[in-house]
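> Each chain, written out:
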Amino acid sequence: MARIAFRNLCTRPATRRYPYVVRPSFEKSRGRIVIDFDACILCGSCQRHCPANAFEVDRNAGRWWIDRFRCVNCGICVEACPKKCLMMENERSKSVVSGDQAGREEEHIRPPAPKPQAPAAPAQL
Amino acid sequence: MSEATRPVRGPTTIPFGPQHPVLPEPLHFDLTLEDERIVDAVPQIGYIHRGLEMLVEKRDYLDYTRVAERVCGICSFMHGMGYSMAVEDMLGIEVPDRARWLRTFWCELERAHSHLMWLGLAADAFGFENLFMATWRAREIILDVAEETAGGRVIYGSCNVGGVNRDPDDETLKRCAKELEKVRAEVARLAEVFVGEPTVRHRLEGVGILGKDKAYALGAVGPMLRASGVDYDMRRTGYAAYSELSFSTVVETAGDCMARAKVRIREIEESLRLVAEVATRIPGGPVAIPVKAVPNGEGWARVEQPRGEALYFVRAAGKRNLERFRVRTPTFANIPAMVEAMHGAELADVPTIILTIDPCISCTER
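Chains as they are written, first to last, in numbering that gives the first Met the number 0: chain A, 0 to 124; chain B, 0 to 365.
List time: in silico BS3-like cross-link candidates among lysine-lysine, alpha-carbon distance up to 25 Å:
hint, chain 1, residue 1, chain 2, residue 2
1, A, K27, A, K93
2, B, K177, A, K27
3, B, K181, B, K261
4, B, K291, A, K82
5, A, K82, A, K27
6, B, K211, B, K261
7, B, K213, B, K261
8, B, K291, B, K318
9, B, K291, B, K57
10, B, K318, B, K57
11, A, K27, B, K181
12, A, K27, B, K173
13, A, K83, A, K27
14, B, K291, A, K83
Derived by calculation from the structure, the hints in this document are not laboratory data.
Full structure from sequences and hints, please.
Printed below as a string of structure tokens:
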């Protein structure tokens, strides 16, 4: 007992001064969801599978949206994504310290592609 | 004071909880006291119901593993695994060998960290804050190992129906097992304090005694039952890789709070030994098989969680969403035994007795 007490007196604190000192993430940690939006086909699979309803995908508006406060980092969307454009990064999101909650949401909008021109009517014979 | 003016003392009923300094989760008791002695205790739960069982009707049955995991924040992997095992039982799926061994690895990690957490909370309950900090510091190493191998600290998210979705290589597993040697040494040091320190013994020894017959008759499970001298462990049924591992079930006979603490301390030791054994003996091969079946029928699974036996039941009727999912959690089974252990105890010992069943109210109410 006394031995443990003395040992604790001369050891360094077990905690870090977060957020100034951040523990490096492990290679396979589930940190945060990132998207390669160029490869996304807006199929909405992530939205359907997400247990926390963190996604909103609107194919007509070309919009993909995530609420990082709702996301529970379970990784179901990464497994469900047919184009593998959703990835799990091992770094966690930064703590939100400002009132405006910067970094909470992430939104990508792709302007709808121009409608393909109707094929020219074949010349009447 | 003469006999005539002394107030007549009858039983007093006082409310205990749902908000109480020692309780991390809401649990209410109506305690009937005669002087300082408990003569009756009526438990009441229902403050933290979240409706997770109902959610199985809304989610795809393969996705639901991640919801099942969130039934509990401590024995989360085993909830996910229990659900997966029940679904695998329903579908008649054989899980690959490496997946079974990895599940065992994570189960035992979870048991070790859950018991360490409990030791800390117990120390906190009887007012030994330093011991609480020291225990949780040792636990941190286990959480790091969990994050390195499974991806999450307490919610592992690595169990799927049909296997696991993470495959840490053998070197990582061996390195992790070596890292856990530090925890073993630390636990040995902490055990000295828990078992030998007079102040701790004063709070735990002879408190909340539960006899062997009572424990069995009231359906207690897990360390609560084993501390009363009943040798009962679901791991012996041989799920995951337990049929291929040799392990001893820790049994104590005193039936008091100290016996429950001792059971958990020795189980940490046993779990860490099992983790090391799994890391050296784990077979190679695939870790998951694809599951495409449409669920139909009923399935069961029983697993030994840190708090005791948990039972899972699923039923499906040919749709992607299951009809019913039911969990019988160990805390629910232990509540009658806890009430019995409180009879005759002093009011000041009630928090310690409640703590020694390691209550997980969120699990119980889901």
